[in-house]
Amino acid sequence: MEMVRIAAFAVTLLSCAWGADFSLAIGNPVAVARPNGVVKKDIGFAVRGENCADIAKIQVTGTAEGVVDGARRSVPLRVIAGETAGTFAISHDWPQQARGS
Amino acid sequence: MNQPKDKPPIGPTEPGDLPLVKAPDSIWMSIEATLDAKPEPRRIGMFRWQWVAASLAVIGVLAWYAMRPKAPAWRVSTLEGSPSVTKIKVGDWLQTDASSRARITVGDIGTVDVEPNTRVRLVAASPTEHRLTLARGEISATVSAPPRLFLVDTPASTAVDLGCAYKIKTDESGDGVLRVTSGWVSLEWKGRESLVPAGADCRTRSRTGPGTPYFADAPKALQEALAAFDFRGGGPDALGTVLNQARVRDTLTLWHLLSRVDPADRVRVFNRMVDLVPLPSGVSREKALQLDPATLKSWREELAWKW
Chain A
1 MEMVRIAAFA VTLLSCAWGA DFSLAIGNPV AVARPNGVVK KDIGFAVRGE
51 NCADIAKIQV TGTAEGVVDG ARRSVPLRVI AGETAGTFAI SHDWPQQARG
101 S
Chain B
1 MNQPKDKPPI GPTEPGDLPL VKAPDSIWMS IEATLDAKPE PRRIGMFRWQ
51 WVAASLAVIG VLAWYAMRPK APAWRVSTLE GSPSVTKIKV GDWLQTDASS
101 RARITVGDIG TVDVEPNTRV RLVAASPTEH RLTLARGEIS ATVSAPPRLF
151 LVDTPASTAV DLGCAYKIKT DESGDGVLRV TSGWVSLEWK GRESLVPAGA
201 DCRTRSRTGP GTPYFADAPK ALQEALAAFD FRGGGPDALG TVLNQARVRD
251 TLTLWHLLSR VDPADRVRVF NRMVDLVPLP SGVSREKALQ LDPATLKSWR
301 EELAWKW
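Here the protein sequences come in this chain order: A and B. If you use the numbering used here, the first sequence corresponds to residues 1 to 101, in order. If you use the numbering used here, the second sequence corresponds to residues 1 to 307, in order.
Among these hints, one or two may not hold up.
[As the list claims (entries may be wrong)] Distance condition first, Cα-Cα at most 25 Å in a straight line; then the derived SDA-like pairs of lysine to any residue:
id	chain 1	residue 1	chain 2	residue 2
1	B	Lys306	A	Val67
2	B	Lys306	A	Asp42
3	B	Lys89	A	Asn28
4	B	Lys306	A	Ala53
5	B	Lys167	B	Thr295
6	B	Lys169	B	Gln223
7	B	Lys287	B	Arg249
8	B	Lys306	A	Gly27
9	B	Lys306	A	Asp21
10	B	Lys306	A	Val79
11	B	Lys167	B	Gly110
12	B	Lys306	A	Asn28
13	B	Lys89	B	Ile31
14	B	Lys306	A	Gly86
15	B	Lys167	B	Arg192
16	B	Lys306	A	Asp69
17	B	Lys306	B	Ser281
18	B	Lys287	A	Ile80
19	B	Lys167	A	Asp93
20	B	Lys89	A	Ala53
21	B	Lys297	A	Asp93
22	B	Lys167	B	Asp113
23	B	Lys306	A	Ser91
24	B	Lys89	B	Pro116
No wet-lab data here; the hints were simulated from the structure.
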């Protein structure tokens, strides 16, 4: 039986003028999968940059890191820009049976 | 002077004095020829052009029949037991017994699993509307489609898919519950709307329609007080319990209550929401209490980051 354990995920901000109070908020998928919106399914979670000088220029990449049968495994995540600048939907591309820690 | 007898008299003649004149033979011959002649048969058939027109009409009817739009039908497969149908057409009912489950393939936009003891009917299957009626029982829908394309009517609500996965069950009177597992569902009934996000439930009741949504992990006391407020006339006491029990993510419930409570209680709800989550910039207290639609929408979108 394959043992899958996603230990962590990393979201990298590629471009942002960092401010002293910069923060990254993680939210429920429904924060970006809005009613009548375009982003809908298979969203693992939502990400929003806060206190960024130019929030429209934020670029995000994501990778899920985990262990499968004792070996490290990295799963690139799809990042979908939300309707509001600086918000992103991170797709649920890691195995369904994975458990975070 | 006498006139010859075979000639007509010349000049005025007294009545009764007209002589008999023998008809010429040529007249009799003409009459006899006419009587002897066989009558020409009357044309009772159709002219050639009429046959051509009739043939074209028949061909047209046959071509229409062969090429007519097929009645929309969705495929039905068995998950458990033995549902007797393999497809369901518009107007058809599908009913499962206590040991049967079936899966309906909803065009090319998703699936609906029909649980035991359930009765559903396909109402519409057009490019602009996919619609089921759930008379009783439970279904699980997983749909990937533009908002408001897939709808499920129950006796006390219409579940409008906004891009989501959900379960909905009801009895024949309309008492039931919706549980959303992905995306959003709008539960609508006679002008009342409940927006239910993933992780939340919403009850329905006959003659009342959808209640107020709440997260499935909300405190039991909140859930019970909310049911009393929505359906049993719980009033300010039930509302007080809801407000006291509410957590940050229960602002989903409070956001809906804001427009459902009496004006006198609206400030209580607003104040509790602001206690839990500070009012975001761009959302004014005055406009929120006036139930300004744009303000409420903006506030909900901001609150969703806490849900």
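Status of the hints after comparison with the structure:
| no. | hint | in the structure |
| --- | --- | --- |
| 1 | B:Lys306 x A:Val67 | 30 Å, violated |
| 2 | B:Lys306 x A:Asp42 | 19 Å, holds |
| 3 | B:Lys89 x A:Asn28 | 38 Å, violated |
| 4 | B:Lys306 x A:Ala53 | 23 Å, holds |
| 5 | B:Lys167 x B:Thr295 | 31 Å, violated |
| 6 | B:Lys169 x B:Gln223 | 18 Å, holds |
| 7 | B:Lys287 x B:Arg249 | 22 Å, holds |
| 8 | B:Lys306 x A:Gly27 | 6 Å, holds |
| 9 | B:Lys306 x A:Asp21 | 19 Å, holds |
| 10 | B:Lys306 x A:Val79 | 20 Å, holds |
| 11 | B:Lys167 x B:Gly110 | 14 Å, holds |
| 12 | B:Lys306 x A:Asn28 | 7 Å, holds |
| 13 | B:Lys89 x B:Ile31 | 75 Å, violated |
| 14 | B:Lys306 x A:Gly86 | 17 Å, holds |
| 15 | B:Lys167 x B:Arg192 | 20 Å, holds |
| 16 | B:Lys306 x A:Asp69 | 35 Å, violated |
| 17 | B:Lys306 x B:Ser281 | 16 Å, holds |
| 18 | B:Lys287 x A:Ile80 | 32 Å, violated |
| 19 | B:Lys167 x A:Asp93 | 24 Å, holds |
| 20 | B:Lys89 x A:Ala53 | 56 Å, violated |
| 21 | B:Lys297 x A:Asp93 | 30 Å, violated |
| 22 | B:Lys167 x B:Asp113 | 9 Å, holds |
| 23 | B:Lys306 x A:Ser91 | 19 Å, holds |
| 24 | B:Lys89 x B:Pro116 | 20 Å, holds |
Hint compliance for this structure: hints 1, 3, 5, 13, 16, 18, 20, 21 are not met, and every other hint is.
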